[in-house]
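Asks: What follows is the residue order along each chain.
There are 2 protein chains.
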Amino acid sequence: MNKVNLAEKLALISDHWNPRVVGELNGQHVKIVKFKGEFVWHDHADEDEMFLVVKGRFRMEFRDHAVDLKAGEFLIVPRGVEHRPVAAEEVEVLLFEPAGILHTGTVDSALTRREYEWI
Amino acid sequence: MNKVNLAEKLALISDHWNPRVVGELNGQHVKIVKFKGEFVWHDHADEDEMFLVVKGRFRMEFRDHAVDLKAGEFLIVPRGVEHRPVAAEEVEVLLFEPAGILHTGTVDSALTRREYEWI
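First to last, the protein sequences are chains A and B.
At position 93 of the first sequence the residue is numbered 100 (the working numbering), and the sequence of numbers has no breaks.
At position 78 of the second sequence the residue is numbered 85 (the working numbering), and the sequence of numbers has no breaks.
Looking at chain A on its own, in the form it has when it is part of the complex (with noise of 0.2 Å):
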């Protein structure tokens, strides 16, 4: 049972849209990543997904509206709803997601992991 800081976890990160676990609890996933520019669209059918901002700032685009974050702020997307993270400089986000989840939905994009490293 180790805390774990955020910045330092981050300061080992250099990539962007590349999900690190963090910390597991209760079957969920504690992740943090790097997003800078544009995600792809997608969904994911059975999940609810947390975002919450560490560092820096973005937008959350849906296919109606858009929301802006920045750090202290975040956002649950509920499961089934179609979202794209967009971030014109480069932001720090911690995720609180199911384990297992698939970043990008049932989108087979060359950004999709499979597998998430800890870190």
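Calculated from the structure, these hints are not laboratory results.
Be aware that a few hints might be false.
Note that identical chains are pooled: a pair holds if it fits in a single copy or bridges any two copies.
[Claimed, not checked] Listed below are the simulated SDA-like cross-link pairs for lysine to any residue, each with C-alpha atoms no more than 20 Å apart in a straight line:
| id | residue 1 | residue 2 |
| --- | --- | --- |
| 1 | Lys10 | Val88 |
| 2 | Lys16 | His49 |
| 3 | Lys10 | Arg64 |
| 4 | Lys10 | Val29 |
| 5 | Lys16 | Asp53 |
| 6 | Lys77 | Leu109 |
| 7 | Lys16 | Arg70 |
| 8 | Lys43 | Leu109 |
| 9 | Lys77 | Glu45 |
Starting from the known structure of chain A, arrange chain B on it as the hints suggest.
Replies: Just chain B, lined up with the frame of chain A:
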């Protein structure tokens, strides 16, 4: 689907040891709480519990050691492990745990809350 600003929500709380719900996903609750002083020793038989410090610092005591946590750090306390948060000064904490958990576990304390208010 609205974003949550943690500082704005925390500014609404003036009491201690009284978690409020700010989000729900996949059967889990996201809560915020302010600690000050010593909580009661307790455990949760079936739930892991995550503590992420938003502002300030506190010590998580276990029967055989303790972990000091400051802003930007989190700790996951596994189910069945007795623990007691202690905060010399007021600290703001984000909790991630299954909906329906009792924050004092099976310990019936003057601090026990049986319902958690959304804020």
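Asks: Checked against the structure, which of the hints given earlier come out wrong?
Replies: 2, 5, 6, 7
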